[in-house]
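**Student:** I would like the entire structure built from these sequences, with the hints used as guidance.
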Amino acid sequence: MRILLVGAGGVGSAVVAIAARREFFETIVVADHDAGRAARAVAGRDARFVAAAVDAASADAVAALCREHRITHVLNAVDPRFVMPIFDGAHAAGADYLDMAMSLSRPHPARPYQETGVKLGDEQFAVADRWAESGRLALCGIGVEPGLSDVFARYAADELFAEIDEIGVRDGANLTVDGYDFAPSFSIWTTIEECLNPPVIWEAGRGWYTTEPFSEPEVFHFPAGIGPVECVNVEHEEVLLIPRWVSARRVTFKYGLGDEFVGVLKTLHKLGLSATSPVRVGDVSVSPRDVVAACLPDPATLGDRMRGKTCAGTWVRGTGVDGRPREVYLYHVVDNEWSMREYGHQAVVWQTAVNPVVALELLAAGTWSGVGVLGPEALPPGPFLDLLTGYGSPWGLEDSSLAEGKRIVRTGGSTAYVP
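Under the numbering used here, the sequence shown has 563 at position 65, and the numbering climbs by one with no breaks.
Each statement offered as a hint is correct.
Derived pair list, reagent style DMTMM-like, types lysine to aspartate or glutamate, alpha-carbon separation capped at 20 Å:
(1) LYS764 <-> GLU692
(2) LYS764 <-> ASP679
(3) LYS768 <-> ASP788
(4) LYS764 <-> GLU728
Rather than coming from a laboratory, the hints here were simulated on the basis of the structure. Just so we're clear, the structure is a prediction, and the values are computed from it rather than from any experiment.
**Tutor:** Below you can see the structure in the form of C-alpha cells.
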C-alpha cells in the first residue's frame, strides 16, 4: 500500500504519528500546500515517509502526484472545501480514496430550514457508478464523526437490536484550554460550516429534512467523568450516511457546544464573518471566515494547554434481539493527557486521525474491501472495533436497559455493572 496523505495540519500530522507505529504500508507521501509544514510532519520519521507540496484545489495536481509516487490510496486530511478536487484527482490516477468529511452542502434556496438543498456528499454519491465501474473504492466519512460513529451504528444494528427506533450521534467534551478565552479544539472553518448550516434529520416515511441551527437542545450524560452536556442539532454526515445502510426510524446528530460557543457562532454569522465569499478590504480581497481562522490559535498547537477528555459516540434506542426495549450508547473517549504523552497530539485531532489509519490497515489486509462510494456502515464493524482496541484505544458501551436502574459499561473487553 502506497498512501498519499493530503494535508499536514493537526489531523494529518497525527495520522503520521499513529501510522509510524504500524507496518501495513510501504510509503506515505505527506503533501501540503506548505512544503515546510509537510517536511515538519515527517521530520524524524523513517524512510517510508516522504514530504511533498501539492495544490489541493487542483485535481490535476493531485493526480500527477499520485502517478509520480505510484499511489494506491489517497487520504484526504484537509477541510471539506477541497473534497471534490482530491476525490476527482484520486479517481483520475486510479487510486482508492478516503476522507473524513464529505463534499459540501448548499441550503435549499427558498426553504432552507424545512427542505434539503444539495446535501453533504451528494456530489460524491452522484458519481458512485463511475467509481464502481472502474473497480475503485471511495470510503467516505472515516474519521471519528463521521466514521467511528457510523461503525457503531452498524454494530448496533448487527449485534444488539432487532429493530431500531432512533440512532443519535452525540458528541461532548469537558476540554478547557489554559490562557485563552476562546480557542476551538478543531478547525474553526469546518466548525462554522457544520454549525451554521441547516441541520439535517432523517425519518422513515419522510426522508431527509432540515431544521433551525442549534435546535432541539437536550442534556446528554457523557461517560468517563465528562458528565451532562447540552447538545443541539448540527449538520453532519452521519445523518446522510447511516440511513443508506442501516434501518432506523430516525437518525440525528447533536453536538455539545455550550452557550458561549453557540453565542460566538451566532455573532460571527450576524456580522457576516462566517461568509466564505471574498470581500474587498483596501487593495486585497479576503474571505471573512479565513480571517476568523487566522485570528484564532491553530488547534494543533493547543495540546500542551488543553485539559480534559473528548467523547464521540452513538446512542441507539429500540427493541433488542431478545425482544425487550433497549437503549445503548457506544462511545470512544480520549484523554488529552494520554494522547499528548503517548503521541504528542491533542485529543480531538488524535481521535479523528486514528480511525482512517485503522481503516487503511483493514484495507491493506483485505479484511475490508469494496467498490463505489461507500460509508463506513457499509462494511463489517467487528474487525474495525477489534483493531481500534488493538491500537491501545478501546471503545465502550453503556447499556441502560437493565432492571434496577443499572447499566452495563464495557470498555476494551471488560464489563462492569454500575448504578
